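Enquirer: Each number in the working numbering comes from the position in the sequence shown (counting from 1) with 245 added on.
Think of the hints as simulated: they come from the structure by calculation, not from any bench.
Being a predicted model, the structure only gives us computed values, none of them experimental.
Cβ coordinates follow ideal geometry from the N, Cα and C atoms, glycine included.
Please note: incorrect hints may appear among the correct ones.
To be verified - The list that follows gives simulated cross-link-like pairs (lysine to any residue, SDA-like), each with its CA atoms no further than 20 Å apart:
hint, residue 1, residue 2
1, K572, K605
2, K298, K605
3, K605, S593
Unchecked claim - The calculated label-pair distances, taken between Cβ atoms and stated as ranges, are:
hint, residue 1, residue 2, range
4, Y490, P374, 40 to 48 Å
5, V376, Q653, 51 to 59 Å
6, P253, V423, 42 to 50 Å
7, Y490, G334, 35 to 43 Å
8, I624, H512, 46 to 54 Å
9, T511, N567, 18 to 26 Å
10, T634, T418, 47 to 55 Å
11, Q438, F529, 43 to 51 Å
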Amino acid sequence: MLDRTVAPPVQPLARVTLPAADVFSLPNGARLHVLRNDAQPVVRLQVVFRAGKWYDPTAGVSLLAARMLLEGTRTRTARQIADEVAFYGASLECEQGFDRSTLTLYCLTRHLAPLLPLVQDVLTEPIFPEVELAQVKTRTIQNVRVERQKSSYLASEQFSRNLFGPTYPYGITFNEAVFQNVTSAEVRHFYQQHYNFGQAEIFLCGDVHEEHNALLTDLLGSIAPVAVALTTQALAPANVMPQEYVTLEGSLQSSLRIGRLWPALTHPQTHELQVLVKVLGGYFGSRLMKNIREDKGFTYGIYASVGPREHATSFVIGSDVNAANAKAAVQEVHHELRTLQEELIPESELQTVKNYMSGKFANELSTVFEQCDKYKNLIFFHLPADYYTTFVAKIQAVDSRTLQQLAQHYLSPDSMIEIVAGPAR
């Protein structure tokens, strides 16, 4: 009879291998990456450009360029674009990130061919109409105003500004007056310079057929590239103020953001560093959760995470607490950081974290879309081909002494930027 008082044994995870992608160079210089899986008759097409916040000539231009792509072309209005996408039961959106902007299409396999001309039209013939541009500006400004009534938003915004510096692309915060004054001509010029198929990366995954490659080559591979070479800015993040309090009148809670610059994913001990962050605050049973949530009752949740970007990587601990407990919560965070520096992690705790990370990693590869997301990291962060295939072995091999040494180097409370946003003190 099954004894439900005894946990089932944990089976070690076998080696995990990402499916290989077929890579094609298109006539205009774009690269097409294809990952095939016919488990479901669906596909995802992503066209990625070097058009993120990093390349902003004026703050907000890249955001407007991404959002305006679906607001009308020479042959279709915004309503017609939306109606055509809805007719096929598809999804089409364009998102601006810190480094790149991505147009994403989800659809049934049989609908990819009729939708590709629409994708081509959106990418090559946007007109950036003035009325729609004004509406996008208004919606964006209203959304930011609402978000800035939340202590969590203010803490995250100020943390980025203080960590990277107010003039570094990752640290520039939203300025309503500057954003409102961006013109349609500026957005159009940014689009012409940065939505360049000569430097585009195209990812097609799912139930992909051979004829789809030919269609993409004909429709997207024939788009003329822009004869402009983008240069990477030689910038270095600069910490501004190590500690700062942001006042939000009337708030009942305070939001904490504590962190620092962090090694890039190409660091030789990147997998070991991920284990260290998981032990600290990367899952529900982490040390921060046990202390600050379960023991002290200061918060519903607290986390530690790493935010990799192409030009700089950050580490942050974040939580929302009762305003009266903010100072005590910060002290407990410091306590957990010092404990990792001073004491070895018990083997049983470390093994639990290793098992959790292995299982979560396997779960994150359950669909071809998730597999493609991992593959994209290899491309954009310039990671070695075996980055993920060695993941499980690397984390299973790490020992407590190595993690203590990493904690001593990277987790000193004195090296952290600390932001607290809450009511007036």
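Enquirer: Confirm or reject each hint.
Expert: For each hint, the structure was consulted:
1. For the suggested pair K572 and K605, the alpha carbons sit about 33 Å apart, so the restraint of at most 20 Å is broken.
2. Only pairs whose Cα atoms come within 20 Å are accepted, and K298 paired with K605 is rejected, the gap being roughly 30 Å.
3. Between K605 and S593 the CA atoms are separated by roughly 18 Å; this keeps the pair inside 20 Å, and the hint holds.
4. At roughly 43 Å, the beta-carbon separation of Y490 and P374 lies within the given 40 to 48 Å, and the hint holds.
5. About 58 Å separates the C-beta atoms of V376 and Q653, a value consistent with the hinted range of 51 to 59 Å.
6. In this structure the supplied range 42 to 50 Å is violated for P253 paired with V423, their Cβ-Cβ distance being about 57 Å.
7. Judged by the Cβ atoms, the range 35 to 43 Å given for Y490 and G334 is violated: they are separated by roughly 49 Å.
8. Checked against the given bound of 46 to 54 Å, the beta carbons of I624 and H512, roughly 18 Å apart, lie outside it.
9. For T511 and N567, the Cβ-Cβ distance of about 40 Å falls outside the hinted range of 18 to 26 Å, so the restraint is violated.
10. Our hint of 47 to 55 Å for T634 and T418 is violated, since their Cβ atoms are close to 39 Å apart.
11. At about 45 Å, the CB distance of Q438 to F529 agrees with the hint of 43 to 51 Å.
Of the numbered hints stated above, those contradicted by the structure are hints 1, 2, 6, 7, 8, 9 and 10, listed in ascending order.
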